[in-house]
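Based on the provided sequences and hints, a complete structural model is requested.
Protein sequence lines, in the order shown, are assigned to chains R and H.
Counting in this note's numbering, the first sequence tops out at residue 327, every number present.
Counting in this note's numbering, the second sequence tops out at residue 310, every number present.
Among these hints, one or two may not hold up.
Taking lysine-lysine and the BS3-like style, the derived pairs with C-alpha atoms no more than 27 Å apart in a straight line are [claimed, not checked]:
id, chain 1, residue 1, chain 2, residue 2
1, R, Lys81, H, Lys218
2, H, Lys225, R, Lys132
3, H, Lys218, R, Lys125
4, R, Lys129, R, Lys35
5, H, Lys218, R, Lys94
6, H, Lys218, R, Lys128
7, R, Lys134, R, Lys149
8, R, Lys134, H, Lys218
9, H, Lys218, R, Lys66
10, H, Lys225, R, Lys94
11, R, Lys297, R, Lys310
12, H, Lys225, R, Lys125
13, R, Lys94, R, Lys13
14, H, Lys218, R, Lys77
15, H, Lys52, H, Lys39
16, R, Lys132, R, Lys94
17, H, Lys225, R, Lys129
18, R, Lys128, H, Lys229
19, H, Lys52, R, Lys149
20, R, Lys81, H, Lys126
21, R, Lys129, H, Lys218
22, H, Lys51, H, Lys40
23, H, Lys218, R, Lys132
24, H, Lys3, R, Lys149
25, R, Lys66, H, Lys126
26, H, Lys229, R, Lys129
27, H, Lys229, R, Lys132
28, R, Lys125, H, Lys229
29, H, Lys225, R, Lys134
30, R, Lys149, H, Lys225
31, R, Lys128, H, Lys225
32, R, Lys94, R, Lys125
Using C-beta positions, here's what the derived DEER-type ranges look like [said to hold, decoys possible]:
id, chain 1, residue 1, chain 2, residue 2, range
33, R, His17, H, Ser23, 56 to 66 Å
34, H, Pro241, R, Asn281, 41 to 51 Å
35, R, Gly69, H, Phe4, 55 to 65 Å
36, R, His17, H, Leu303, 29 to 39 Å
37, R, Lys259, H, Tyr300, 52 to 62 Å
38, H, Pro241, R, Gln157, 27 to 37 Å
39, R, Lys149, H, Pro241, 32 to 42 Å
40, H, Lys3, R, Thr130, 31 to 41 Å
Quick caveat, the hints were computed from the structure, so don't treat them as lab data.
These numbers come from a predicted model, not from an experiment.
Quick reminder that beta carbons are idealized off the backbone N, C-alpha and C, glycines included.
Okay, here's what each chain looks like letter by letter:
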Amino acid sequence: MTEEIILQVQDLKTYFHTDEGIVKAVDGVTFDLHKGETLGIVGESGSGKSVTNLSIINMIPNPPGKIAGGQVMYAGKDLVKLTINELRSIRGNKISMIFQDPMTSLNPYLRISTQMIETIVLHQKLDKKTAKAKAIDMLKLAGIPAPEKRIDQYPHQFSGGMRQRVMIAMGLSCNPEILIADEPTSALDVTIQAQILDLIKDLTARLGTAVILITHSLGVVAGMCDTICVMYAGRIVERGPTTEIFDKPKHPYTQGLIKSVPRLDKTSGDRLYSIRGQPPNVIDLPDCCPFYPRCDKAMDVCKRKYPLSKDVGNGHAVSCWLYTEAK
Amino acid sequence: MMKFIIRRLLSLIPTMFIIITLSFFLIHIAPGGPFSGEKKLPPHVLANILKKYHMDEPLGAQYLRYLNDVILHFDLGPSYRYEDQSVNGLISATMPRSIFLGFVSLLLSVALGGAAGIISALRQNKWQDYLSMSVAVIGISVPLFVIGPVIQLIFAMQLHWLPVTGWINSRAGWVTLIMPAVTLAFPYFAYIARLSRGSVLEVLRSDYIRTARAKGLKESVVIGKHVLKGAMLPVVSYLGPAFAGIITGSIVVETVFQIPGVGRIFVQSALNRDYTLIMGDIITYSAVLVFANFLVDVIYGFLDPRIAYK
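What follows is the structure in structure tokens.
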């Protein structure tokens with residue numbers, strides 16, 4: 001990880017216009033990604049993690065979704081404002097994505113070779129034969145045994161973990177600067193999860209790729225990430241280096257999350273901690289702190305206004321009235 | 001794959017045997033017969049006729065005789081109502097016209113229906129979608145005996161662009177094919193359009209299409225390479241029965257456009273209780289149907305790699 005910022009997301013807002021009202025799935029998200037950094041975005045289902053990352057490469061289905069504001073600065077360009085053709089030359093090339101469910105993310109009707117080669121030929125302008133050799137190399141790196149043989153098979157001939165390896169190989173085949181991994185291990189069983197995470201960590205470190213890792217598992221980010229963003233109801237409520245977040249969590253939500261992790265060293269009689277209440281409905285959310293109904297430390301001001309992000313030192317920032325002077 | 005094809009072909013034999021047996025007895029169970037007209041025949045004349053066609057024998061013996069003729073000699077017997085004509089002769093004289101017309105119609109409906117369905121799906125809830133789906137609803141709900149005469153009225157009677165009726169061997173030639181083919185294709189077009197729209201929409205929402213877009217592929221490549229193969233499968237499976245239905249003739253189209261095809265003979269045979277001709281129709285239709293379904297199974301194997309033939 002260096003100090004060079006390669007991706008700057010500023011005040012990103014993605015709204016979905018539905019019959020029930022405007023769903024503010026992402027409402028003012030700001031973060032920087034450094035070269036070679038692994039950034040974790042954690043949050044519960046519906047907190048806007050996936051939408052944030054689909055917004056980065058502008059893949060929000062429109063309608064109903066629309067990027068309502070903000071900037072995504074990459075290589076001096078605002079990705080939000082790029083034409084579809086300019087975006088295509090970045091997707092899969094400079095910024096690639098892997099998805100949650102490897103069972104359905106590969107086209108079942110096309111050979112692995114077809115699916116990998118088309119990406120390489122498209123972005124690297126190689127001929128098919130060289131592209132295939134490159135694809136075989138990538139599969140080998142991703143730990144697929146006998147890649148020369150396996151590459152001509154179809155996705156259904158691979159197990160779930162193997163398919164995710166293929167997705168990773170495909171995602172990294174054009175040497176992207178950024179890999180966005182959207183819950184890459186949630187659909188896999190635990191032993192395979194560990195292998196896939198190790199693979200992502202190992203390969204991206206070797207290739208110098210920055211990673212945005214989306215997950216709802218604190219265990220995953222703890223082992224993988226340099227920096228963590230905690231998302232709640234479409235906003236980043238706390239962000240900072242991994243050690244800071246785990247050692248000195250500031251936001252009551254982060255504190256609750258960390259307390260909720262099952263621990264081996266606790267006695268078995270204790271009940272597992274859980275944050276009370278339900279995540280808020282993000283339709284027509286007022287400008288309050290969305291966490292206040294579930295927060296033990298809620299104050300009057302929390303219901304009236306959303307707190308600005310406050311820097312508490314060591315690159316650690318939090319959006320909570322407990323740390324901000326009420327105006 | 002080869003083993004599968006051979007085994008599947010062999011399984012057509014018992015299927016056909018069961019169809020022949022069942023329909024033979026069902027037809028004879030139904031009241032009435034080829035010679036029971038409104039005017040009663042004198043008993044000795046009837047006895048003579050029955051004797052000529054071996055219909056005075058027990059049903060079981062008739063069945064065995066019929067099986068023997070059909071299986072060993074491919075002889076479907078004489079027609080009971082068209083004097084001096086064999087069922088083989090009747091069908092082989094009329095069937096080629098129906099096959100030709102049906103084939104043209106099917107090509108038309110697949111090409112236009114597929115295109116309309118794909119465009120509707122890609123322009124979902126836009127005017128292209130509403131337009132082609134409205135046309136499809138007309139195609140499904142308006143019967144052929146309305147569509148046929150209406151286009152005759154417009155294109156033949158009013159505009160004088162096309163001859164009202166006739167077949168390609170008439171003086172007008174190939175243009176006579178246009179209206180019957182369009183009429184016959186209409187309901188199939190409509191069904192294929194709706195079917196392909198639905199399946200393209202389903203595939204468009206799938207995860208692997210999101211992956212294809214995230215790879216930076218052009219939309220034309222995403223549609224042409226990633227969407228269509230999967231979306232074609234439901235259409236292909238519909239084509240089996242559609243093929244059998246369309247090439248065995250349509251009485252409505254053949255009557256409206258005065259085409260001497262096999263569809264009219266089929267319907268007439270049922271009205272006449274012309275036992276051998278009915279059996280000939282059933283055997284022809286089911287042979288085409290089971291064979292078309294067999295072809296669909298084989299094509300499926302090429303389209304969907306997940307289907308393993310053992």
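**Report entry** Restraint check for lysine 129/R with lysine 218/H, where alpha carbons must lie at most 27 Å apart
**Finding:** The hint holds at about 22 Å.
Query - Cβ distance range 52 to 62 Å for lysine 259/R and tyrosine 300/H, holds or violated - result: 54 Å, holds
Requested in this report: Would you check the hint for lysine 51/H and lysine 40/H, treating anything up to 27 Å between C-alpha atoms as holding?
Outcome: Status holds; Cα separation ~17 Å.
Query raised in the report: Is lysine 94/R within 27 Å of lysine 13/R, Cα to Cα?
Result: With a Cα-Cα distance of about 23 Å, the restraint between lysine 94/R and lysine 13/R holds, given a limit of 27 Å.
Report task. Given the hint that lysine 218/H pairs with lysine 128/R, test it: the Cα-Cα distance must not exceed 27 Å. Result -> 18 Å, holds
Query raised in the report: Does the Cβ-Cβ separation between lysine 149/R and proline 241/H fall within 32 to 42 Å?
Result: 40 Å, holds
**Report entry** Proposed proximity, lysine 134/R with lysine 225/H (alpha carbon, max 27 Å)
**Finding:** Status holds; Cα separation ~22 Å.
Query raised in the report: Are the Cα atoms of lysine 3/H and lysine 149/R separated by 27 Å or less?
Result: 25 Å, holds
Query raised in the report: Taken at face value, is the distance from the CA of lysine 218/H to the CA of lysine 134/R at most 27 Å?
Result: Roughly 22 Å between the alpha carbons, so the hint for lysine 134/R and lysine 218/H holds.
Requested in this report: Measure nothing beyond the straight line between the CA atoms of lysine 128/R and lysine 225/H; if it is 27 Å or shorter, mark the hint as holding.
Outcome: 16 Å, holds
Requested in this report: Take the C-alpha atoms of lysine 66/R and lysine 126/H, compute the straight-line distance between them, and say whether it is at most 27 Å.
Outcome: At roughly 19 Å apart (the allowed maximum being 27 Å), lysine 126/H and lysine 66/R satisfy the hint.
Query raised in the report: CA of lysine 94/R to CA of lysine 125/R, is that 27 Å or under?
Result: The given pair, whose Cα atoms are some 14 Å apart, holds under the 27 Å limit.
Hint check: violations occur at hints 4, 19; the rest are consistent with the structure.
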